[in-house]
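Novice: Per my numbering, the very first residue in the sequence shown carries number 82; after that it's consecutive.
Source of the hints: derived by calculation from the structure; they are not laboratory data.
Each hint should be verified, as a subset may be incorrect.
[What the hints assert, rightly or not] Ranges of calculated distance between the beta carbons of each label pair, as one might list FRET restraints:
id, residue 1, residue 2, range
1, Ala193, Arg127, 24 to 32 Å
2, Ala188, Glu83, 18 to 26 Å
3, Pro131, Ala193, 20 to 28 Å
4, Arg164, Gly199, 30 to 38 Å
5, Ile232, Trp128, 53 to 61 Å
It should be emphasised that the depicted structure is a prediction, and the values quoted were computed from it without experimental measurement.
Positions of the beta carbon are idealized from the N, C-alpha and C atoms, including for glycine.
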Amino acid sequence: MEVRDALDQLDRIHDQLTKSEVYRGFRVPTVAMVGALGLLAAVGQRWVVPGGEPRAFVWYWSIVGGIGTLLGFGAAIRSYLFREDDFERRRTRRVMGQFLPCVLAGALLTVAFARTDGFVPLLPGMWAIVFGLGVVSVRPHLPRAVGLIGIVYVLMGGLLLAWLPPEPSGWCVGGVFGIGHLVTALALQSTKEYHDD
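All chains should be modelled from the sequences, with the hints used to inform the complete structure.
Specialist: Structure below.
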């Protein structure tokens, strides 16, 4: 066996190991902080977003979502850059590679739907569905309960699409994502396999 073959075989073994181990890059306090941000933004929408302004709604929640994304991925990026070894970095790349397409899809849907005021009420449901699919896609790398939370996001998105209020409230976004992130933080905190040994 040549050295190159041995290295390729080691890479395949590492890939298999990264598929089976729990990813610990999402920090419980940060996930909880994103949940709290969602709930605070839901409360604050009434004072920041004028009624009957669909584009203001989209901008408001895009900014809140951007801040939440920076907070949520910030801890993972920091770990990737400063704490993780090559094996852990491979796992981080795998998890992000599975989740980030859903974030991109959510952003593209936002741009497309925001162009027509009548489509804006669909966004909270679409965001929840797309995010839930992202959570489900990384389920093999996270504690089992997180996969169930992803399914609940999808179901909540379906309910929001079926209910379709003519003018979505802050609770359609902040309530779903705030409570979802707080429950996710609780699931991560209470799962033994998620904590460092």
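Novice: Each hint: holds or not?
Specialist: Cross-check of the supplied hints:
| no. | hint | result |
| --- | --- | --- |
| 1 | Ala193 with Arg127: 24 to 32 Å | 27 Å, holds |
| 2 | Ala188 with Glu83: 18 to 26 Å | 45 Å, violated |
| 3 | Pro131 with Ala193: 20 to 28 Å | 23 Å, holds |
| 4 | Arg164 with Gly199: 30 to 38 Å | 47 Å, violated |
| 5 | Ile232 with Trp128: 53 to 61 Å | 33 Å, violated |
When held up to the earlier numbered hints, the structure conflicts with 2, 4, 5 and fits the remainder.
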